[in-house]
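Enquirer: Quick note, the sequences are listed as chains A and B, same order.
Quick note: the first sequence uses our numbering, first residue 1, plus one each step.
Quick note: the second sequence uses our numbering, first residue 1001, plus one each step.
Note that these hints are calculated values from the structure, not bench results.
Using N, Cα and C, we set each Cβ at its ideal position, and we do this for glycine too.
Check before you lean on any hint, since a few could be wrong.
Claimed, not checked - In silico EDC-like pairs for lysine to aspartate or glutamate, Cα to Cα no more than 20 angstroms straight-line: (1) K12(A) x E43(A); (2) K1133(B) x D123(A); (3) K1133(B) x E120(A); (4) K1133(B) x D77(A); (5) K1237(B) x D1043(B); (6) K12(A) x E1124(B); (7) K1163(B) x D113(A); (8) K1163(B) x E43(A); (9) K1133(B) x E121(A); (10) K1054(B) x E1004(B); (11) K1133(B) x D11(A); (12) K1163(B) x E120(A); (13) K1054(B) x D1037(B); (14) K73(A) x E1235(B); (15) K1199(B) x E1130(B); (16) K1311(B) x E1324(B); (17) K1163(B) x D65(A); (18) K1237(B) x D1037(B); (19) K1362(B) x D1322(B); (20) K1163(B) x D112(A); (21) K1237(B) x E1004(B); (22) K1133(B) x D13(A); (23) K1199(B) x D1043(B); (24) K1054(B) x D1068(B).
Said to hold, decoys possible - Here are a few chain A residues that sit away from chain B, every Cβ distance over 12 angstroms (derived from the structure): (25) Q25; (26) F44; (27) S50; (28) T68; (29) K73; (30) M78; (31) P81; (32) A85; (33) T98; (34) R114; (35) Q116.
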Amino acid sequence: MTWQRSRIRLDKDNRAFWTGGANGQLSICKCNDCGGFTHPPREFCRHCQSENVAAHAVAGTGVIDTYTVNYQKWAPDMEVPFVIARVRLDGAEDVCLTTNIINCPVDSVDIDDRVQVVFEEQDGIWYPLFERMV
Amino acid sequence: MAREAYITGIGMSEVGVRLTRSPMGLTMDAIREAVADAGLTLDQIDGVATYPGKMQTFLGFSPIGVDDVIETCGLKTRWHSGAAEATAQLGAIADAAAAVRSGLARHIICFRTVYEAAAMARPEEFPPLERRKDITGNSQWVSPFGAFSAACWTAQFAMRHMKRYGMTREQLAQIAINDHRNAALNPRAMVDEPLTLEKYMETRMISSPFCLWDCDRFTDASTVVIVSAGDALDEVKTTPIRIAATAGSCDRYSWDQAEWASAYPTGRDLWLNTDYTVNDLDMVQLYDGFAFQPITWLEGLGICAVGEGHKFIEGGTRIALDGELPMNTGGGQLGWGRLHGFGFAFEAVVQLRGEGGARQIKGDPGLAVATSGGGPMAAALLLARD
């Protein structure tokens, strides 16, 4: 896809997630006390309410929990169809990301497919997209 | 009686697309009808509730707030609420019920005014929402990936049901087909002709497995429900419909982190707040902004097991007007129009009063559930005619 993605307003909570791709890292908010993950990222751990949380680089692999093939042009420059998926991340319990599955025909995607992150950069934001692992 | 809450009046404006009557005009049409229906006058109204309240950033979505109603109607209120973070659309009615039970008000106007079709047609008057700059909050986690619409979010839950539980498009289609069949019998509904399975199957996809018929369309309308206190019933002339229970549970406030939509915990918890059981239901009015959502409510309420909702509606006979559990008897949002939740409470009252005309279900129905919401939002009302 070459269309203009939504431009995120960066703040202290979300900066690591949206810019980690510059270093090739998928960064998820993790608690240094209880080890739990909090996504979307927050100032407090959602499991133990500790403030001792920090961005943690995860493997960047996961599995397709579910997906949809989108055919509707919600914006004039959108190229359709494309796959929107919910990817369950490896190594970050209970964290899912809404994302796109790219570099494959839209009708080849299925639930439980193994995927890995690929970043697409636009205007300083590194969008984590996924492609199927072969 | 004193600590009960009742729906005593209902009203609705014209329902259409690209209407020229103003949002306040539509709201007043619905208020006047509801107040007259209850046999009340505006000076007896002492509360106002709405969802989500006026949203300046997207005026077509909610152009009228509590302030407009208080000022336009000259009300002197003792309680009001306009809450975008209510449990869901029908949470406004649940909150009003709690207010009259607590003695905070006697007669509350609950309203929902939508104006998205007209607003899209008149962008100079209703500037469109900028969806791609300075994104914050929850939309940042979905909109960068082209998932602007709740259609894309809800479709993923539906796809999981197809892959995990074997739901077919033919089964899913029964929601829209049932809605169209019932709407054709409802003179206030936008849709006036049935939908065939053949036509459904050949219509273009929006976000798989949802085709065009699975998604409600922008509508201009206002719906009003009057909620009255149990000790104020001698002031109304209609058959009061008791709000026997409400629920609005949420396990994760997120569209994409939750394993299940909030319809599941909310449906489960509705029965904790009443002596009625699911077997007492005579009908269901289940939110269907997208066709899959009634399936989540059927499963959440325990009408069928998780993963069985599509089998429950298969063929459409069970949920038809003459079926064992009639569903969305007025046409739902796919047939009546996108009344955004309030239409389900309205229609439950119509049916419980026996005023459904050509679409009235048989058997003197006494108990209905009305729901609204999708994803993290969910509100359910249990409505009874005593």
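Enquirer: Does each hint fit the structure? Answer for all of them.
Expert: Verification of the hints:
Taking the CA atoms of K12(A) and E43(A), the gap is near 9 angstroms; set against the 20 angstroms cutoff, the hint holds. Note on K1133(B) and D123(A): the hinted pairing holds, with a Cα-Cα distance of about 12 angstroms set against a maximum of 20 angstroms. For a cut-off of 20 angstroms, the pair hint linking K1133(B) to E120(A) stands: about 17 angstroms separates their Cα positions. Using a Cα cut-off of 20 angstroms, the hinted pair K1133(B) and D77(A) holds, with the two alpha carbons roughly 15 angstroms apart.
Taking the CA atoms of K1237(B) and D1043(B), the gap is about 16 angstroms. The hint holds against a cut of 20 angstroms. A threshold of 20 angstroms between alpha carbons decides the hint, and for K12(A) with E1124(B) the separation of about 36 angstroms lies outside it, so the pair is violated. As the CA atoms of K1163(B) and D113(A) are separated by approximately 12 angstroms, the hinted pair is consistent with the 20 angstroms bound. A hinted pair counts as satisfied when its Cα atoms are at most 20 angstroms apart, and K1163(B) with E43(A) does not qualify at roughly 36 angstroms.
Distance hint between K1133(B) and E121(A) is fulfilled; the C-alpha atoms sit about 16 angstroms from each other, no more than 20 angstroms. Of the pairs offered as hints, the one joining K1054(B) and E1004(B) is violated, with about 29 angstroms between alpha carbons and a cut-off of 20 angstroms exceeded. Distance restraint check for K1133(B) and D11(A): the Cα-Cα separation of roughly 14 angstroms lies within the 20 angstroms cut-off, and the hinted pair is therefore satisfied. Note on K1163(B) and E120(A): the hinted pairing is violated, with a Cα-Cα distance of about 29 angstroms set against a maximum of 20 angstroms.
Between K1054(B) and D1037(B) the CA atoms are separated by roughly 26 angstroms; this puts the pair beyond 20 angstroms, and the hint is violated. Proximity of K73(A) to E1235(B) is assessed by CA-CA distance (about 52 angstroms); at most 20 angstroms being required, the pair is judged violated. For the suggested pair K1199(B) and E1130(B), the alpha carbons sit about 35 angstroms apart, so the restraint of at most 20 angstroms is broken. For a cut-off of 20 angstroms, the pair hint linking K1311(B) to E1324(B) stands: about 14 angstroms separates their Cα positions.
Simply put, K1163(B) and D65(A) have alpha-carbon atoms about 10 angstroms apart, close enough for the 20 angstroms limit, and the pair holds. The suggested pairing of K1237(B) with D1037(B) holds, with an alpha-carbon distance near 8 angstroms, which does not exceed 20 angstroms. With a C-alpha separation of about 7 angstroms, the suggested pairing of K1362(B) with D1322(B) holds against the 20 angstroms cut-off. Using a Cα cut-off of 20 angstroms, the hinted pair K1163(B) and D112(A) holds, with the two alpha carbons roughly 10 angstroms apart.
A distance of roughly 17 angstroms separates the Cα atoms of K1237(B) and E1004(B); the hinted pair therefore holds under the 20 angstroms criterion. As the CA atoms of K1133(B) and D13(A) are separated by approximately 18 angstroms, the hinted pair is consistent with the 20 angstroms bound. Straight-line distance between C-alpha atoms of K1199(B) and D1043(B) comes to about 50 angstroms, which puts the hinted pair past the 20 angstroms bound. Straight-line distance between C-alpha atoms of K1054(B) and D1068(B) comes to about 9 angstroms, which keeps the hinted pair within the 20 angstroms bound.
At the 12 angstroms boundary, the C-beta of Q25(A) stays outside the reach of chain B, the nearest C-beta of that chain being 18 angstroms off. Every CB of chain B lies more than 12 angstroms from the CB of F44(A), the least distance being 14 angstroms, so the non-interface label holds. With 12 angstroms as the threshold on Cβ separation, the claim that S50(A) sits away from chain B holds: the shortest Cβ distance comes to roughly 19 angstroms. With a closest Cβ-Cβ approach of about 4 angstroms to chain B, T68(A) is found to fall inside the 12 angstroms limit, against its non-interface label.
For K73(A), the condition that its CB be more than 12 angstroms from all CB atoms of chain B is violated, with the nearest at approximately 9 angstroms. The non-interface label for M78(A) is inconsistent with chain B: the shortest C-beta to C-beta separation is roughly 6 angstroms, within 12 angstroms. Taking the minimum C-beta to C-beta distance to chain B, about 8 angstroms, the non-interface status of P81(A) is violated against the 12 angstroms cut. For A85(A), the requirement that its beta carbon stay farther than 12 angstroms from each beta carbon of chain B is not met, with the minimum near 8 angstroms.
Its beta-carbon lying about 5 angstroms from the closest one in chain B, T98(A) breaks the requirement of being farther than 12 angstroms from that chain. Remark: the non-interface label on R114(A) is consistent with the geometry, its nearest Cβ contact in chain B lying 16 angstroms away (cut-off 12 angstroms). For Q116(A), the requirement that its beta carbon stay farther than 12 angstroms from each beta carbon of chain B is met, with the minimum near 16 angstroms.
In this structure, the earlier hints numbered 6, 8, 10, 12, 13, 14, 15, 23, 28, 29, 30, 31, 32 and 33 are contradicted, and the remaining ones agree with it.
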